[in-house]
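Protein sequence lines correspond, in order, to chains Z and L.
Under this note's numbering, the letters of the first sequence match residues 64 to 384, in that order.
Under this note's numbering, the letters of the second sequence match residues 64 to 384, in that order.
Derived from the structure by calculation, the hints contain no laboratory data.
Honestly, I wouldn't trust all of these hints.
A pair holds if it fits inside one copy or across any two, identical chains being indistinguishable in the list.
[What the hints assert, rightly or not] No more than 20 Å apart at the CA atoms, straight line, and that leaves these computed lysine to any residue pairs for SDA-like:
#	residue 1	residue 2
1	Lys193	Arg370
2	Lys193	Arg72
3	Lys193	Asp217
4	Lys193	Glu101
5	Lys193	Leu102
6	Lys193	Ala314
7	Lys193	Glu89
8	Lys193	Arg100
Number of protein chains: 2
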Amino acid sequence: MARLAGVSRATVSYVLNNTRAVRISEPTRRRVHEAARELGYVPHAAARSLRAGHSRMVLIPAPSVPAGRLYGRFLHELQWALGRLDYTVVQHGTIGLPGDEAARAWAELRPVAVLVPGTGLGPQGVAVLKRSGARAVVTVGPEAVEGAHALLMDHASVGHQAGAHLYERGRRRIGVVVPEESGLDMFSRPRLEGVRRALDGTDGSVTELPLGYDEDSAARLAARWRGLGLDAVFAYNDEYAMLLMRALQDAGISIPEETAVIGADDLMLGRLLRPRLSTVHIDLPSGRDLAELVDRAVRDPGAPLERHPALGARVVHREST
Amino acid sequence: MARLAGVSRATVSYVLNNTRAVRISEPTRRRVHEAARELGYVPHAAARSLRAGHSRMVLIPAPSVPAGRLYGRFLHELQWALGRLDYTVVQHGTIGLPGDEAARAWAELRPVAVLVPGTGLGPQGVAVLKRSGARAVVTVGPEAVEGAHALLMDHASVGHQAGAHLYERGRRRIGVVVPEESGLDMFSRPRLEGVRRALDGTDGSVTELPLGYDEDSAARLAARWRGLGLDAVFAYNDEYAMLLMRALQDAGISIPEETAVIGADDLMLGRLLRPRLSTVHIDLPSGRDLAELVDRAVRDPGAPLERHPALGARVVHREST
DNA sequence: TTGAAAGCGCTACCAA
DNA sequence: TTGGTAGCGCTTTCAA
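Required output: the full structure, derived from the provided sequences and hints.
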């Protein structure tokens with residue numbers, strides 16, 4: 064930069080980085096700072112990390128569907144916590160590359176850590192990332208991946224809680240909404256499976272109900288409701304639950320007498336309906352905890368891989384069941 | 064990399080980049096590709112863009128509050144569209160740095176374009192970014208910033224539409240909810256101002272109503288509602304509107320007879336309430352359009368700055384007003 | 001206290 | 001058709 068501002072590039076580096084191993088005279092410091100301000104000099108992160116051989120970048124692939132309430136808040140908290148630990152968080156918008164191929168794209172940025180929600184990253188992908196210098200790979204999803212730390216989030220437990228609750232309340236013919244919106248399979252499949260498991264070996268039965276997130280689709284489902292002979296429904300989440308509950312009520316089906324309805328996510332809005340919506344509350348790990356896991360892993364890449372169950376699910380019983 | 068795999072680094076570069084100016088024999092290509100796969104070689108993006116002098120990175124600062132439905136979808140669409148144009152989208156989690164300081168942090172990454180939502184970036188910041196090589200800076204907010212392209216999103220028009228609608232329907236004493244949650248001022252202030260402007264010079268009046276996003280806060284407001292003597296309320300958005308409407312109904316206030324309620328954002332859930340929630344529908348530009356604006360600006364940085372009004376607001380009249 | 005120079009991984013030019 | 005090499009901006013070691 065401003066070697067036109069009197070000194071050598073080395074000196075500039077010393078001054079701007081406050082290198083303690085080297086003493087620079089006050090007048091020189093001042094001149095450097097002044098020149099930097101004047102020229103609007105900003106160091107070049109790529110050059111720096113190229114030289115250093117590592118970065119402080121934590122890469123998180125952007126979700127392939129717009130993040131929901133819960134995940135959005137979680138991500139935000141995480142970002143903040145990592146920032147406090149002096150990491151730079153980068154959400155990388157991977158278009159549609161499948162798992163291990165996406166890993167290559169991420170690896171090009173040479174992040175110090177990668178945090179991958181969902182399935183799709185295999186042991187191959189983890190290996191690519193590690194070889195390219197990532198000191199920590201953390202997956203957040205239903206199962207651990209070889210070579211990576213894992214935050215185990217099994218959405219089946221959400222369905223399981225819902226199913227068990229409905230069964231306990233005396234319901235036997237249970238519908239499970241599966242959103243038609245693509246990209247949600249990741250959550251909806253395990254939730255459905257969880258309900259199945261909860262009812263396995265009992266006299267209860269499970270019926271899969273595809274549903275689009277619009278009033279028409281809900282009305283159509285409601286119109287054929289009595290034909291389905293269901294006495295309860297787990298509606299994937301609170302939003303679908305609200306939609307379906309309204310459609311059922313409009314079709315003259317009384318909630319919870321004729322059909323019990325339960326959602327998930329414990330949104331505030333669910334409490335506003337009448338009857339108030341029962342729901343499965345989901346506890347996500349705090350962003351701070353996850354940030355600390357990442358930091359630990361980065362500082363000591365040799366440490367044994369951690370795997371934490373990290374999704375707490377519990378029923379909040381209100382009036383709709 | 065694999066100069067241990069037989070050839071020179073230059074040849075590797077040629078092969079992997081499919082450099083057309085140079086012919087490489089088929090056997091050599093094969094050997095290079097094989098070695099690359101075997102070693103799990105991934106090019107180093109930083110080194111590449113250092114050498115090239117530019118990157119294809121579009122930087123978007125991550126929002127300081129978890130993104131809402133509308134913005135989340137917009138961002139997602141934008142990311143996809145930019146991806147199609149072969150840009151890499153990076154959301155940079157700037158912690159709490161104020162505007163122009165944050166610009167320096169962004170500039171370190173030498174993005175080819177920067178897309179900044181909200182206020183907070185000043186002409187200084189724009190200058191820093193451009194000097195550091197950004198070929199396009201696009202702000203998305205209420206007013207244009209010197210040196211940057213602008214997508215003009217004036218949330219005052221949202222409030223204005225709501226205010227005018229309520230006035231037309233014969234309402235005169237109008238409350239405006241202002242969320243207590245921090246980080247929302249960016250939107251709530253202009254919306255409030257818009258209502259004020261709509262009623263300016265009429266016999267209507269505007270009352271500011273702070274409200275937290277929880278049932279207690281809503282109940283407290285509802286309890287003192289009659290004392291406020293209002294006949295209508297614009298509730299910031301649909302979520303606050305749903306919350307408040309329920310609290311008012313629980314307090315025995317009839318909607319819309321005694322008090323009209325209108326929200327904003329046109330969420331699907333608002334249609335599920337009874338009475339159905341009137342709302343201000345907000346049209347955001349499509350992600351594709353914005354992506355094309357960015358691309359144009361990058362290809363021709365000399366072109367005159369574009370400024371587009373980009374927020375359409377129109378009332379969707381349902382039953383609550 | 002400061003400067004010269006090497007080298008991080010990559011690509012583009014020139015020579016072989 | 002391939003290889004050698006300079007140089008992108010930075011930090012760090014070594015010398016002055």
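We went through each hint and held it up to the structure:
For the homomeric pair Lys193 and Arg370, the shortest alpha-carbon distance inside one copy (18 Å) is at most 20 Å, but the shortest distance between copies (44 Å) is not. For the homomeric pair Lys193 and Arg72, neither the shortest alpha-carbon distance inside one copy (33 Å) nor that between copies (23 Å) is at most 20 Å. With identical chains, the CA atoms of Lys193 and Asp217 are never at most 20 Å apart, being 25 Å at best within one copy and 46 Å at best between copies. Proximity of Lys193 to Glu101 under the C-alpha cut-off of 20 Å is restricted to the inter-copy arrangement: shortest distance 15 Å between copies versus 41 Å within a copy.
For the identical chains of this complex, Lys193 and Leu102 are inter-copy neighbours only, at 12 Å across copies versus 39 Å inside a copy, given an alpha-carbon limit of 20 Å. Taking identical chains as interchangeable, the C-alpha atoms of Lys193 and Ala314 are never at most 20 Å apart, the minima being 56 Å within one chain and 59 Å between chains. Taking the shortest alpha-carbon separations for Lys193 and Glu89, neither the intra-copy value of 43 Å nor the inter-copy value of 31 Å comes in at or below 20 Å. Taking CA atoms no more than 20 Å apart as the test, Lys193 paired with Arg100 passes between copies only; the shortest distance there is 15 Å, against 38 Å inside one copy.
Violation of the numbered hints given earlier is confined to hints 2, 3, 6, 7; the remaining hints are satisfied by the structure.
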